[in-house]
Structures are given as C-alpha cells and as structure tokens.
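Place chains A, X and U on chain R using the hints.
There are 4 protein chains.
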Amino acid sequence: MKLTILINCPDQAGIISSVTNFIHTRGGNIVYIDQYVDKESATFFMRLESEFSNTLTLTEFTDEFKTSLAALYQMQWEVHKEITVPKMAIFVSKYDHCLYDLLSRYSSGELDVEIPLIISNHEKAESIATQFKIPFYHIPVTKTTKKEAEEKQLALLAEYKVDFIVLARYMQIVSQTVIDQYPNKIINIHHSFLPAFAGAKPYHAAYKRGVKIIGATSHYVTADLDEGPIIEQDVATVSHTHSINDLIAKGRDLEKIVLARGIKLHIERKTMVFNNKTIVFI
Amino acid sequence: MKLTILINCPDQAGIISSVTNFIHTRGGNIVYIDQYVDKESATFFMRLESEFSNTLTLTEFTDEFKTSLAALYQMQWEVHKEITVPKMAIFVSKYDHCLYDLLSRYSSGELDVEIPLIISNHEKAESIATQFKIPFYHIPVTKTTKKEAEEKQLALLAEYKVDFIVLARYMQIVSQTVIDQYPNKIINIHHSFLPAFAGAKPYHAAYKRGVKIIGATSHYVTADLDEGPIIEQDVATVSHTHSINDLIAKGRDLEKIVLARGIKLHIERKTMVFNNKTIVFI
Amino acid sequence: MKLTILINCPDQAGIISSVTNFIHTRGGNIVYIDQYVDKESATFFMRLESEFSNTLTLTEFTDEFKTSLAALYQMQWEVHKEITVPKMAIFVSKYDHCLYDLLSRYSSGELDVEIPLIISNHEKAESIATQFKIPFYHIPVTKTTKKEAEEKQLALLAEYKVDFIVLARYMQIVSQTVIDQYPNKIINIHHSFLPAFAGAKPYHAAYKRGVKIIGATSHYVTADLDEGPIIEQDVATVSHTHSINDLIAKGRDLEKIVLARGIKLHIERKTMVFNNKTIVFI
Amino acid sequence: MKLTILINCPDQAGIISSVTNFIHTRGGNIVYIDQYVDKESATFFMRLESEFSNTLTLTEFTDEFKTSLAALYQMQWEVHKEITVPKMAIFVSKYDHCLYDLLSRYSSGELDVEIPLIISNHEKAESIATQFKIPFYHIPVTKTTKKEAEEKQLALLAEYKVDFIVLARYMQIVSQTVIDQYPNKIINIHHSFLPAFAGAKPYHAAYKRGVKIIGATSHYVTADLDEGPIIEQDVATVSHTHSINDLIAKGRDLEKIVLARGIKLHIERKTMVFNNKTIVFI
Numbered sequence: 001m002k003l004t005i006l007i008n009c010p011d012q013a014g015i016i017s018s019v020t021n022f023i024h025t026r027g028g029n030i031v032y033i034d035q036y037v038d039k040e041s042a043t044f045f046m047r048l049e050s051e052f053s054n055t056l057t058l059t060e061f062t063d064e065f066k067t068s069l070a071a072l073y074q075m076q077w078e079v080h081k082e083i084t085v086p087k088m089a090i091f092v093s094k095y096d097h098c099l100y101d102l103l104s105r106y107s108s109g110e111l112d113v114e115i116p117l118i119i120s121n122h123e124k125a126e127s128i129a130t131q132f133k134i135p136f137y138h139i140p141v142t143k144t145t146k147k148e149a150e151e152k153q154l155a156l157l158a159e160y161k162v163d164f165i166v167l168a169r170y171m172q173i174v175s176q177t178v179i180d181q182y183p184n185k186i187i188n189i190h191h192s193f194l195p196a197f198a199g200a201k202p203y204h205a206a207y208k209r210g211v212k213i214i215g216a217t218s219h220y221v222t223a224d225l226d227e228g229p230i231i232e233q234d235v236a237t238v239s240h241t242h243s244i245n246d247l248i249a250k251g252r253d254l255e256k257i258v259l260a261r262g263i264k265l266h267i268e269r270k271t272m273v274f275n276n277k278t279i280v281f282i
Numbered sequence: 001m002k003l004t005i006l007i008n009c010p011d012q013a014g015i016i017s018s019v020t021n022f023i024h025t026r027g028g029n030i031v032y033i034d035q036y037v038d039k040e041s042a043t044f045f046m047r048l049e050s051e052f053s054n055t056l057t058l059t060e061f062t063d064e065f066k067t068s069l070a071a072l073y074q075m076q077w078e079v080h081k082e083i084t085v086p087k088m089a090i091f092v093s094k095y096d097h098c099l100y101d102l103l104s105r106y107s108s109g110e111l112d113v114e115i116p117l118i119i120s121n122h123e124k125a126e127s128i129a130t131q132f133k134i135p136f137y138h139i140p141v142t143k144t145t146k147k148e149a150e151e152k153q154l155a156l157l158a159e160y161k162v163d164f165i166v167l168a169r170y171m172q173i174v175s176q177t178v179i180d181q182y183p184n185k186i187i188n189i190h191h192s193f194l195p196a197f198a199g200a201k202p203y204h205a206a207y208k209r210g211v212k213i214i215g216a217t218s219h220y221v222t223a224d225l226d227e228g229p230i231i232e233q234d235v236a237t238v239s240h241t242h243s244i245n246d247l248i249a250k251g252r253d254l255e256k257i258v259l260a261r262g263i264k265l266h267i268e269r270k271t272m273v274f275n276n277k278t279i280v281f282i
Numbered sequence: 001m002k003l004t005i006l007i008n009c010p011d012q013a014g015i016i017s018s019v020t021n022f023i024h025t026r027g028g029n030i031v032y033i034d035q036y037v038d039k040e041s042a043t044f045f046m047r048l049e050s051e052f053s054n055t056l057t058l059t060e061f062t063d064e065f066k067t068s069l070a071a072l073y074q075m076q077w078e079v080h081k082e083i084t085v086p087k088m089a090i091f092v093s094k095y096d097h098c099l100y101d102l103l104s105r106y107s108s109g110e111l112d113v114e115i116p117l118i119i120s121n122h123e124k125a126e127s128i129a130t131q132f133k134i135p136f137y138h139i140p141v142t143k144t145t146k147k148e149a150e151e152k153q154l155a156l157l158a159e160y161k162v163d164f165i166v167l168a169r170y171m172q173i174v175s176q177t178v179i180d181q182y183p184n185k186i187i188n189i190h191h192s193f194l195p196a197f198a199g200a201k202p203y204h205a206a207y208k209r210g211v212k213i214i215g216a217t218s219h220y221v222t223a224d225l226d227e228g229p230i231i232e233q234d235v236a237t238v239s240h241t242h243s244i245n246d247l248i249a250k251g252r253d254l255e256k257i258v259l260a261r262g263i264k265l266h267i268e269r270k271t272m273v274f275n276n277k278t279i280v281f282i
Numbered sequence: 001m002k003l004t005i006l007i008n009c010p011d012q013a014g015i016i017s018s019v020t021n022f023i024h025t026r027g028g029n030i031v032y033i034d035q036y037v038d039k040e041s042a043t044f045f046m047r048l049e050s051e052f053s054n055t056l057t058l059t060e061f062t063d064e065f066k067t068s069l070a071a072l073y074q075m076q077w078e079v080h081k082e083i084t085v086p087k088m089a090i091f092v093s094k095y096d097h098c099l100y101d102l103l104s105r106y107s108s109g110e111l112d113v114e115i116p117l118i119i120s121n122h123e124k125a126e127s128i129a130t131q132f133k134i135p136f137y138h139i140p141v142t143k144t145t146k147k148e149a150e151e152k153q154l155a156l157l158a159e160y161k162v163d164f165i166v167l168a169r170y171m172q173i174v175s176q177t178v179i180d181q182y183p184n185k186i187i188n189i190h191h192s193f194l195p196a197f198a199g200a201k202p203y204h205a206a207y208k209r210g211v212k213i214i215g216a217t218s219h220y221v222t223a224d225l226d227e228g229p230i231i232e233q234d235v236a237t238v239s240h241t242h243s244i245n246d247l248i249a250k251g252r253d254l255e256k257i258v259l260a261r262g263i264k265l266h267i268e269r270k271t272m273v274f275n276n277k278t279i280v281f282i
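Residue numbers (the UniProt record's numbering), protein chains in the order written: chain R, 1 to 282; chain A, 1 to 282; chain X, 1 to 282; chain U, 1 to 282.
Please note: incorrect hints may appear among the correct ones.
Heads up, the list lumps identical chains together, so a pair's fine if it works in one copy or across two of them.
Said to hold, decoys possible - DSS-like cross-link-like pairs, simulated, lysine-lysine; straight-line CA separation at most 27 Å:
#, residue 1, residue 2
1, K2, K39
2, K133, K152
3, K250, K87
4, K152, K270
5, K201, K39
6, K39, K81
7, K277, K208
8, K250, K81
9, K94, K133
10, K185, K94
11, K270, K143
12, K39, K208
13, K81, K270
14, K264, K250
15, K208, K185
16, K277, K201
17, K39, K250
18, K250, K2
19, K264, K94
20, K87, K201
Hints in this document: simulated from the structure, not taken from any laboratory.
If we strip away everything but chain R, and leave its shape as in the complex, we get (with noise of 0.2 Å):
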C-alpha cells in the first residue's frame, strides 16, 4: 500500500520528528518528504509519500492517524492511497484547443485520470467528445436559464461521482453554488499571466498596453473570478509584429501546456491551498 499524506497545522517543533516516527512505527517507509512553514501566520504544511508492505490497511492508519497525531497538532489532513484515479469533467465552450490537448493525453495514458464526461453550453465540441467516446452534454447557459443550467451540471456531476471540474476554455462565469461543493475542486485555464489582464478579452489588452510577453495561469477558481489560488504559470516572448490574432495562436500553446501542469500537480495531490495561494510540493 502506498500512501500520500497532506497535513497543514500550527507550527511547533517537532512534527515532523512524530509524524516519520509514527510512519516508521507502523512499517512505513518514507520515499517522500517535503516541508513548508508559512512564518507570518506560522503555518505548518507537509507532503509525504510513504510505502507499506505489511498488511495495515487504510482504515487502520486513517483511525490511528486521527486519534493521536491528528488530534495532538490540531492538524488539517488527508490521506490518499495510490491506486484511487480521479474523476475529472471536462466543462468547454467554443474554443476546444485545450480540450483536443486533454483528451490527447488521456488517450495516450499521459493524464492518469476518468473522464466520465465532458459538459459544454455549445454544441461545437460534440464531434470531439464522440471522436475520443467521452459522454457529452450539452447544457445551453442563458441569463434567465442559469440557475437550471447550473442544477443539471451538478446533477450530472454528482451522477457521474466527478472528483474535480477542469474548465477548459469555459466562457461561463460559474457560480457560488457550484465552487461550494467543489472548493478548490475547479481548475481555470485563464489567457494571460495574472494578475495582469484579468476579465475579459486578456489578448487584446496585452496588444493594446504593447507587453513583450504574454502568459497563461492555470488556478483554483473562487468567487472573485480570476483571483484565485494560482497552481502554475508560463509566458512567452511576443512583439510589436504580432497581431491580436498572432497572439491568440502563440497563446493557445501555454494555455494547453499550464492546464495540463496544473491538472497534473493536482491529480498528484501536490497541490495545498492557504491563503489564496498555492503550495506546491514538487
């Protein structure tokens, strides 16, 4: 059994000292261990990979986990075991360059996830879906049909028992009602390097203000639309010789490349959030 281990507590000394000496007590060995102490607000945070190979279950580890160490550092915590692979829906609206790149790499066994299904408000990706035999719904948004849109989402999402939402060039605003049952469960791929160029339209605002690089930031999605935790960024160097179109093109490789990474870092669980920003253990 092999497992993976989240914790975030208090700061005191000695943590870590217990918490590998608990692993070790119990017939674990250590093969990854990472660290972070977030001094302002002294915040504990650790990421351990640890193998078993005697006959402890998860439910034994999980119980003695909680009553001891758990309990005597205040901790926040999750464990994983391995062999769990994540649900992940797909949410698409016209733009399906991001889409062809995730379902390219699920195809060829690179993202290690299920796609039960892929939810878009046009009809356009459809083909898609059906090319690479994903199930495809399409759930037209309007102003007035948002509420509803928005019930049949979480109905299929909860039909289908998806564990995290990848927004894949999705051009609806998604609400409080859906980030609550997926807190930070909804990873955006936004088109430019935040915080600059956050809304609407982010290559034609980095044509007008004349910027020498452009960039794409893949990040947890909370209620302040673009402002949430960034998990991974990338740019690349432009001119004065690009047009707002040359821009979009040069664009559409970051943007499939930091999604990916930030899918990745998050199936991974190497992913933490606090603060409004991520950590990554990598």
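Just chains A, X and U now, kept in the frame of chain R:
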C-alpha cells in the same frame, strides 16, 4: 559613412521602393532594412542601415531627403551617423545592483555610451561612482525641494549635454517638466512584469498574490507612472518557498538584464514609439 | 494576388532597390520585407510579401522576374501564391504524442495544410488516423525489406502529390533516395537540444550526464543523422529528482511544440537553407 | 545555533525517522528537510536545517551523531554551522565580465563569502581587483612554467585558507594536483549548454552548427575537461542574424548568471555530488 534611418508616415504603396531607390541612387548600400505597418492607424514604420563609400555628407543626405521623400510622404524621420556615441545620465537611489551592472558593462566596453554623470537623491552611490571615476551629484529630493532639485538636475543634464536618462532604480517620480524635455528619452526599470504590480513594492504584491513567475520591465517614462511604452520584459519562475526577500534577490538579475537590454536597443536606435507602444526592430 | 518571394544570390549593392522597384512598377504593394547577408560567403537573402490588386498573373510575374532581375543578379529564387495549401505527409512509429498534437492542430484549423496520408512502420497509429479520418498506410520496415518499403513510401508520396514530409517521432532512418527527392522538405523532431545527445536514446543520455535542461530540435533531414539544418529549438529545466521517465514525459511537450513551430515556419515559407543552417525570416 | 546537515548512505527504511528523532531529542527544530533516493545505486541523500535554542555545541552534536546514527547507517555526512562564511578564490584570465559581476554581487552584500584573493595569468584584471580592494596575484602560465605556477597557486590558496575556487573564465586547464586538493570545490563556468560544444571556442561552434539556442553551464571541475558534475545551466534564444560576436555578447549575461547561481548553491551547502552528477536541494 554609415547611416541609420528611422521613418514613420501614413502608409501607402511605394514607400519602400522610393526610399531604397533614393539611397541607391546616392551610392548607398543598404545593409539592413525592416519595416512594419500598424494596420489600425495605417501607419508605416521603417528602419534602414546604409553604407556610403562616396563623398556624400550627412548634411547633403539630410537636405535632399527632407525636400524630396520626407515631404512627399509626410514623414517623421531621423537619421543617425554611426560614429555618434550618445551621452547617458544615470539616476539612482539606494539599490545599487543596476548601477553596478551598468558601470561594469560600460567599463568592459559592452555599452557604447558615454556616462558623463550620475545623479542620486542619496549619498550611498557616491563611492561606486568614484570607483568607476564618474562625476557624482547628490541632489536630495523632498516634497518641498522637489522643484528646486529638478532644476538642478535639468541644469546638469544640459551642462553635460546628456542625450538620454536611465533610471537605474531611482525611487522618485520624475515630473512632467523633465519628461517634456526628454520625450521617449528616459528609460526606467520597473521590478515587475507590467502591467501586473505597477506602483510601489511589486515584490511584496507578487508574494501576496502567490504568482509563480516574477518579472521586470524596462520602459520609456511618460506622465502616467509605470504606463509608458514597454521596451523589454523578462521573467523568472518562483515558488511558494520564496520569501519576499528571495523574490527581491531573484528579481535583481532580471532587473539588471532587462534594463541593459532596453538601453542597448535605445542606443542602437532600434526602438520607435507609437501609440504608447514600442516598435523594436531587431 | 498575394505573392511570397524568396531570393538568394551573390551579395552586391542595389539588389533591394532593384527588387522593390520591380515590384512597385508592376503595381505590387510590399507588405513584408526582410533580408540577410551571410558575410563569410557574401551571399544575400531576401524574403518579400507583396499584394497585387491589378490583373497581373503569377505566370507574368514569374516570366518577367526571371528574365530581368533573376538573370542579372544570378538569383536562386522561388515565388509562392498565397492560396496554395501544401500537402504534408506524416511518418510515425510507436510514440503518438506528436501525431495527436499535429492532428489536433490540423482539425482545429491551426495548421494550414492538407494531410493526405499517414505512413507508419507500426499498426498502432491506425486507430488515431481513423479517428481523424486520414488515410493510413502500414508499411513495416526491416533490414531486408527497407528498400522495398521505401519504394512503397515514394509511390504513395507521388500518388498523393505530397509537398513535404514530417517525421513525427518516426524511428527509422530515412535513406538518401528519399532525401534526394525531398531536399529540405523532410522535417524531423529530435528529442534533445542538438548537437547534444544526437543519436538514439537522448533522454537516457541526458539523465546519465546529469544536465539541468533538456530540449528538443526540429530540423531538415539530411544524409547525416541529426546533423541537418536546425529550424527551431526549445528547452525545459529539469533536476536530479527527474527519472528517465520523467524526462521523457516532460520532453513530450517540448517535442510537440518545437515540431509544430518548425512546420509552421516551413508552411509559411519563412525558412531558407544555406550552408547546412536555416535562415528564418519571422 | 543553526546547523545544516548533509547525509548520504545506503538506502534503507527508517533513516528519516531516526535522524529527525535524533535532532528532536537534542532540542533541535527542523526548519528544512529534503531527501532523495538514487534508485539505481540504492543510495539515500538528505539535507536538513535545524535550529537549536539550547546550549548544545557543534562538537557535542558532531560527536553524538558520529557514534550513533552515522555509524549505524554507514553515512558519509557533513555538518555546517550557519555562521561560517566560506573563503572563495577567483581565478580569471582576460575576459572580465564574470569577475566584475561577482565583485559587484560581493560588494552589494549579495554573495555571502569572503574573497581573500584573485589570481590571474594575465595582468589585465589587476585594476579591477584594486578597484574592489581585493589582493591580486599575477601568475603567468606557460607550458614550461605550468608546474611552478600551480605550486605558487597552491601556496597562496593554503596561505589564505581558501575553501573553494571559482574559475571565472580562467582559460587554463587546472591540473589533477590542484583538483585533488579541492575535490568538488572548484566551480567553472563553461560558455555552452554542455555536453554540446565542450572544449574551446563554443560560440564559434554554435555559430557554425546554426543552433537556435545558446547556453552556459556551471560545473564542478574534474580531471575530464568540461565533463564534471553540472550545477546549473541556462539558455537564450538566438537566430541566424547573430554573428559570432553577437553570440559572445549575448552569452556573457548567461555566463554571469549561471556562474553566480552555481556559486550561491555551493555556498548555501545545497549541492551534493554523486556519480558525476549533482543533487541540488532547493
């Protein structure tokens, strides 16, 4: 004689042909040509380098060009003889890494400028100026003395026949009076990837937002703080492990390089400013 | 009519003026001009894009240019009418990430080519070809059948009137016979920053050497393996924590992007080959 | 007291738990822990930083650690007290940009070292050493005087109690005798992305090959020229327009940064060498 010619004018057919023909018939050999059309405003930009092995003088070239092509096409244009080494003033405050970097590049012959003087609102940089044998002027700036200080600065800039000014982490706002006398001739380094984190303390703001990249921007100074035409930008990756001080340290290398690159482009007459953006012919 | 003209010839004064004048007097408006002189060999290179709104035909332009300027300056030159969409054959073996990437770009309209066929020495890619509705030919290659296999390949390439070939991780050496028929028209992706780690298993070699960056290179194929003119390169940072499999995974994104960029430059007639190097007019 | 502890030993279960427990029971608070296992050789590596607010001395810690854990797990290990500032000798030849850069960083307090001396086989750098008030020794090296020159160097290094040596573009081969006395304590900057373009004149070779990226590599010096463990690498994009001199100029910034980064990692005891590769704990 080697000339560098910069032109902008309303776009129309035939300009390239006319200009290259003009140069050819005066015995010039074009060794560089690049052009750009801003489609929104239908404005044409061109940069040429041309070698003349005959007896043509700069004055003759200028006179003929002005009365023929420049008038015909309503050009704004400038011509530079290669031999002219521009005079660059450096303004600096307390942070001296950019100053050191520029003086090192200057000493090793990398920057083809004269540096007639360094002006600072602090005394700290005096020893560095002395070390590199550059005249140093300490002009403190306070709210009440700002106007007087600028008069001193302008007098010195005039006395030393300064061509352009570099703000090498100069922490005072340059007023409209100075900008008006040196339009598109004041280069600032801002320690963020603008337009993100304009204003004071960008590393603190970057830390707070939890970005995964930090950057630096060199730009021409205009009346709107940190809003001038961007010449050059670069970025570096950071993570949650970087404290604000780490960001500051990592950012220093970016600032040095991005400022030096911006200055070089300016010295080599490779930049043109239009619509608050730069066209950079490389 | 929009023409793209590529020229190279012995360098001498007056070429730019002559060519731009030739185009102007035929009613062409030059919308792009870039030139380069290789000083060692005194060779001049130029790329122009020109729009003609009159009734001039490609044949007329070609005939006049050939008998006047091309002859006068001993030019090697080519002219392309914008409307011609090139036909690109894809060769692939077992690794399909580049194939998926190219087909996704093709499907979404990003790559302005026709893809008349995919050829593979393995059967694995057939389902992907089917998925994207591209004819697929399985041509196994063994030592004894190599010659025969290449004849089949060449017959198919001729039948489909293929303009250029992309080796999207095709793990067979392409023989001189094929190269001779498609000079500077076969683009390969090599999974290292050449000239480092030429030959087989570059990620293994990179791991063994302990490099801190890995790369990918797209280049035209010549008789010398991995020694052809480089079109495009890019790199990514790695660390001691990356296993060989991690390097392979991280490299996939580089390979996809570097190959796609190389292909785009080729399609847009932005590359010229000289002295086993590329001149890339961007 | 703050200690940095570096450990490597045969991998087995329980090491992390034992070491963290050892530190905790001596009253240490672990503020940094990172570990790595080389799977091929089953070797375990760990780096810890630990703060002791009690009266434990370095000698006590060392003695106890040696006789308990170090012996038990057959560790190779070292411990450093934070307060020790290492002594760094700089060797330089004619190119002085790295020298200037290091001295600027040193002067501004960015590099936490002492620089007791600069040694050069040329006189050129003397004025720079004087400018920064560092003792300078001119030791010419010819084929016949090489042995004698090295004896002088070694005598000076011993006299000044030098901890490690930086070859800041020192163009002489350092012999086995010197390397043996400073194993993994001589840092060189090579002006290419090794293993590409090892040996002399890498920019010339890069130009000839027509690469689209150039690079720099800082590495520990071993008997095999340019083959030592790589600490840090970085690259920059170039194009056909760059002459050899342009590559040299552009490469200077890479060399400065890559060397400075390598030195910082070494100073902060973040590097471990194994199997001719570095493990860099960041």
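Hints and how they fare:
1. For the identical chains of this complex, K2 and K39 are inter-copy neighbours only, at 17 Å across copies versus 31 Å inside a copy, given an alpha-carbon limit of 27 Å.
2. Taking CA atoms no more than 27 Å apart as the test, K133 paired with K152 passes inside one copy only; the shortest distance there is 21 Å, against 33 Å between copies.
3. In this assembly of identical chains, K250 and K87 lie within 27 Å of each other by CA distance solely across copies; the values are 23 Å between and 30 Å within a copy.
4. In this homomeric assembly, K152 and K270 never come within 27 Å of each other (Cα to Cα): the closest approach is 31 Å inside a single copy and 49 Å across copies.
5. Taking the shortest Cα distances, K201 and K39 sit within 27 Å of each other only across copies (20 Å), while inside one copy they are farther apart (37 Å).
6. For a Cα distance limit of 27 Å, the shortest separation of K39 from K81 across copies, 22 Å, qualifies, whereas the shortest one inside one copy, 30 Å, does not.
7. For the identical chains of this complex, K277 and K208 are inter-copy neighbours only, at 8 Å across copies versus 29 Å inside a copy, given an alpha-carbon limit of 27 Å.
8. Taking CA atoms no more than 27 Å apart as the test, K250 paired with K81 passes between copies only; the shortest distance there is 25 Å, against 39 Å inside one copy.
9. With identical chains, the CA atoms of K94 and K133 are at most 27 Å apart both within one copy (19 Å) and between copies (22 Å).
10. For the homomeric pair K185 and K94, the shortest alpha-carbon distance inside one copy (23 Å) is at most 27 Å, but the shortest distance between copies (35 Å) is not.
11. In this homomeric assembly, K270 and K143 never come within 27 Å of each other (Cα to Cα): the closest approach is 37 Å inside a single copy and 47 Å across copies.
12. In this assembly of identical chains, the alpha carbons of K39 and K208 lie at most 27 Å apart only when taken from different copies (13 Å versus 40 Å within one copy).
13. Taking identical chains as interchangeable, the C-alpha atoms of K81 and K270 lie at most 27 Å apart only when both belong to the same chain, with a minimum of 14 Å there against 32 Å between chains.
14. Taking CA atoms no more than 27 Å apart as the test, K264 paired with K250 passes in both settings, with 22 Å inside one copy and 12 Å between copies.
15. In this assembly of identical chains, K208 and K185 lie within 27 Å of each other by CA distance solely across copies; the values are 22 Å between and 34 Å within a copy.
16. Both within a single protomer and between protomers do K277 and K201 lie at most 27 Å apart by alpha-carbon distance, with minima of 24 Å and 19 Å respectively.
17. Within a single copy, K39 and K250 get their C-alpha atoms only as close as 39 Å, which misses the 27 Å cut-off; across copies the closest is 20 Å, which meets it.
18. Only between protomers do K250 and K2 lie at most 27 Å apart by alpha-carbon distance; the minimum there is 24 Å, versus 40 Å within a single protomer.
19. Within a single copy, K264 and K94 get their C-alpha atoms as close as 24 Å, and across copies as close as 23 Å, so both meet the 27 Å cut-off.
20. In the homo-oligomer, the alpha carbons of K87 and K201 never lie at most 27 Å apart, since the shortest distance is 31 Å inside one protomer and 34 Å across protomers.
Checked against the numbered hints listed earlier, the structure breaks hints 4, 11, 20; every other hint is satisfied.
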